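Asks: Here is how the chains run, residue by residue.
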Amino acid sequence: MIEWFHPSLFFIFGAFLIPFLKDKVLKTYLIVITVLALIDVLLMSEGIYWKYSFIGNEIIFGNVDKLSLAFAYVFTIMACIGVIYALHVNDRGQHIAAFLYVGSSLGVIFAGDYFTLFVFWEIMAFASAYLVFAKRERVAIEAGFRYLLFHIFGGVCLLGGIILHYIGTGSLLFGLIEKDGSLAFYLILIGFIVNAAVPPLHAWLTDAYPEGTITGSVFMSAYTTKTAVYVLVRAFPGTEALVWLGTIMTLYGVMYATLQSDFRRLLAYHIVSQVGYMVTGVGLGTELALNGSVSHAFTHILYKGLLFMGAGSVIYMTGNRRLDQLGGIYKTMPITMILYMIAGFSISAFPLFSGFVSKSMIVAAASHDHRAIVALLLIMASSGTFLSTTLKLPYFMFFGKDSGIRTQEPPLNMLIGMGIAAFLCIAIGIFPGPLYAVLPHPVHFEPYTGDHVTGSLGILMFTALGFFMLIKRLEPHPTISIDTDWFYRKGSNIFMWVANNPIAAYEGYIGEIYNVWFTYLTLKFSDFLWRVFDSRIIDGAVNGVARIYLIITSFVWRIFDVRIIDGLVNDIADFWMDFGGVARFSQTGMVRNYAFFMLLGGGILISYYLFR
Amino acid sequence: MEILIPTINLESIYPEILITVFAILVLLLQVFTSLPGRKQLGYISLTGIVLASIIVLTQGGAFGENTALPIYSFSNLWVVDNFSRFFKLIILIGTGLTVLISIKYLKDEGIDHGEYYSLILFTTIGMMIMAGGSDLITIFLGIELMSISLYVLTGYTRKRLLSNESSLKYFLLGSFATCFLLYGISLLYGATGTTNLKGISGFISDANFGSPVLIIGMVLLLIGFGFKVASVPFHMWTPDVYEGAPAPITAFMSASPKAAAFAAFLRVFIEALPSLQGVWVDIIWVLAAMTMTAGNVIALVQDNVKRMLAYSSIAHAGYILVAFISTDKSGIASILYYMLAYTFMNIGAFAIVIIIGGKGEEKVHVKDYTGLGYRYPLTAAAMTLFLLSLTGIPPTAGFMGKLYLFSAAIKSGYVGLVTIAVLNSVISLYYYLKIIVAMYLKEPELDVAHDSLVFSPAMVIALIIAVCGVLLVGIFPSPYIAMAQQSYISF
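Residue numbers (the numbering used here), protein chains in the order written: chain A, 56 to 667; chain B, 760 to 1250.
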């Protein structure tokens, strides 16, 4: 009897057979493999398995405890959903990449040492990059390149940290890291938060996810950031910096999301925002907060997958991904609309939906830890989420002005995939017990208290009110432009508002606060930020770095190698050639250049020693 | 006057004798073989290589139980130790793979003469002598035997102008570099009174080691070896020669002779000049940084895959130099391990360049690789594996190799240099990935219609060996690392 079987093996070795199968056999095969992996994970018991000695160090493939199991459950469940959703795809490369991606992320979850972790970490980056590349459009390929370069940067930081950590401690075992502020500590932290998409290291996510294939983005939304959350929970609980980074993330993501008209980019910004909650939870580091992070990761994978599936279905059926060009398609895609709305209510933590039972945990943890500001900011972000994901996006996509697009429901497999996810979102929301049972720490938390429910409903309702009052202003535009007049026009508006309503704001005139904060100010401010900072600076920096390298290299190559050296040497050579009258030799002038270069190098070396 | 009769220990040069016999045999047999039978000569050479490898493996017992080693013979001109055995194995693997990928190529280009295999085998002997020489003169002889054979091989496709040009360039510059080397040797001899490596190290440790003559001799040797391993600024021949040479020879040159050059380089600097370590470490630090950076950065803008791989091989020499300066046991073991991994992945990549290149090597540009992933999924998958391994992505041999190299250097405290090396690996990803993306993600351009590729059995075998090598060395590195660790130079 095998004591433990690594679930990654199903996926990684399973992937090798995919090229040889097709049609129905392939579909059955994909489902069988994922279900087998799910069963494998469900039957697992805690312990340490598959420990090997590898070049003098202990490596552990199976570090199974409550924390890794919680993630493994949701990863395999999501794999089933994602595979069902992607059954109609004929490009086998995508199935292979998805399998490798899921398998390697499970490998990270169960890795007991840094070495195994790193290996799976890198495979993840490459496999997921393929899901972007696979769209085979120029924009997608460029985004994929940026995505990979970003992850390789993160991977390199991680590897550097691991090596330093190993040299410092002599151990490769992966666990809680001592917060000694050493270089190793920071390098590993940077490696992890690149994958968690913490600003300003988040641009890969919002850049690449909207460009991925329809089914690929569903997978990507689930695994990369959540594996990062897992490793943070394991290694960095209670790191103060993460509290603030996470809080900033939640707001940052929401602000930018409000401005997007590509709805997958909008959803991608919400990943940043939602992962922010989890990162905050890790930073708080209390049992309640860590439970909150893990449970939020659990529910987030399901509802975010569902959101991407819903959005993907609309793209698949209409071929359009711009919010400003859709509208009125609820008539022809009612089921998709309903399923999408379930996810929308979940992400905005509506009572009885899954987000509520997990998100409130992190907020509660923040208030228990006497961090009122953090808690307040998190609640603010939550209402922003409700505004853009649950109100704005579906309003303009499914309802709103009729765009005249007439289509139909997506293929059955897509609907089934979405249905399972939707079912789980509601089930967890109503019966949080089973979810709480798998969390790493014992749970003494009751989400459905009168306080929680009324509090969050109040906020959400006011947000809704604000939305419908300002619906005109929120209408998405194909391009959001900003002029220099922004400063004085908006500046004077703000000034006028402050002058007119200072007391009103102070007294908690909530409608007006939300009105201003979440629709007006946020909108304009984030408009500005997104335009200037996100799209230009960060994307620009990544593009720019690559471009600078290319420019420098072609410069070095052309100017330096060809012009200057050749020119210089040619001149000297010409001089000697004329002088010596050995014109025949000029045919291989290049060799002379090379020889000259060698001589020069040798001269420098010798003079270094003689005159130092 | 007493005549010194050297101790002749033929057993210690059995592998070299065997390869010599086969080299001459191939040359003679070609007179009696008809044109279609020429490829048999390749298989005969392979037999010699396999036999020699077996002898190398068994000479003096298995790796690990090296109580019988090192064996010095021929008046201390020659040594058999684990270090030389490991390098000889790498060289023989490289040569064997080269012969396999050459057979079809020679037929296509109409140059399948016995001389080709014979020259390759002579090169191999030269390289093995470089690995096993324990005297500057022996090492020099090995270098010359290797280089002269290579000059001819580089120009072997006589009718291609590019090939002729590269041969001449290589010859001229190679001779120039040899002068440096020989001058260095003579200065060392002048300073120490001996050419024996142990003798030199013994002399330096008891006497004045700071003498300028000695230092200049060392620098000149550094230049000579720097040329052979293609380190910046002595690298400029590499791209031109690699581009012009017949593709199998390019593959060969980028693997085996580089390994042999590193063998001699390491042995001379670590066995003969350890007391000057403080002096040469700085220079090698700078050379390593320049070599990696120049190699990778210039590779970025290349469009010709052969030339790109040439620059990439320069960059890899830079990575190896990173571990060179750590000079301790793990540093040397990591170089050995990396050379083994590099041989498989680089020859593998070149094998695919040969397949795609077709007759006359016309399709060597990145655009010729577009859409390959759809028409030839296995070939493209193999190429992807080799390129990822060259980048250093787990779970390939290249990753383990790089990890080992860099951690050796970090242990010795060269964090700055390793940072440069790691950044370089990131840059290299870009150009390796360019090929992968072309293969899988771009629709073939209209004017690039792939003729159907032809796979000869020998080529397929070579590819299978290379793929297995990359995966085995990468996924189960322990036995190879153990072997490499046993192969530390014994003083």
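It is worth saying that the hints were derived from the structure and are not from the lab. Given the structure is predicted, the values throughout are model-derived calculations rather than measurements. Careful: at least some of the hints might be erroneous.
[To be verified] So the derived label-pair ranges between C-beta atoms look like this:
1. 231/A with 1133/B: 17 to 27 Å
2. 1133/B with 78/A: 10 to 20 Å
3. 505/A with 1140/B: 43 to 53 Å
4. 87/A with 1133/B: 22 to 32 Å
5. 197/A with 918/B: 16 to 26 Å
6. 296/A with 1237/B: 30 to 40 Å
7. 71/A with 918/B: 37 to 47 Å
8. 1182/B with 192/A: 52 to 62 Å
9. 1235/B with 120/A: 56 to 66 Å
[Claimed, not checked] Which stretches of chain B does chain A cover? Using the computed rule of at least three CB atoms under 8 Å from a CB of chain A, they are:
10. 778-785
11. 874-888
12. 1088-1102
13. 1114-1120
14. 1178-1185
15. 1189-1196
We put the beta carbon where it would ideally sit given N, CA and C, even for glycine.
Asks: Each of the hints needs a verdict: does it hold here or not?
Replies: Structure-based check of each hint:
| no. | hint | verdict |
| --- | --- | --- |
| 1 | 231/A with 1133/B: 17 to 27 Å | 48 Å, violated |
| 2 | 1133/B with 78/A: 10 to 20 Å | 19 Å, holds |
| 3 | 505/A with 1140/B: 43 to 53 Å | 60 Å, violated |
| 4 | 87/A with 1133/B: 22 to 32 Å | 27 Å, holds |
| 5 | 197/A with 918/B: 16 to 26 Å | 42 Å, violated |
| 6 | 296/A with 1237/B: 30 to 40 Å | 39 Å, holds |
| 7 | 71/A with 918/B: 37 to 47 Å | 44 Å, holds |
| 8 | 1182/B with 192/A: 52 to 62 Å | 30 Å, violated |
| 9 | 1235/B with 120/A: 56 to 66 Å | 28 Å, violated |
| 10 | 778-785 | violated (count 0) |
| 11 | 874-888 | violated (count 0) |
| 12 | 1088-1102 | violated (count 0) |
| 13 | 1114-1120 | violated (count 0) |
| 14 | 1178-1185 | holds (count 5) |
| 15 | 1189-1196 | holds (count 3) |
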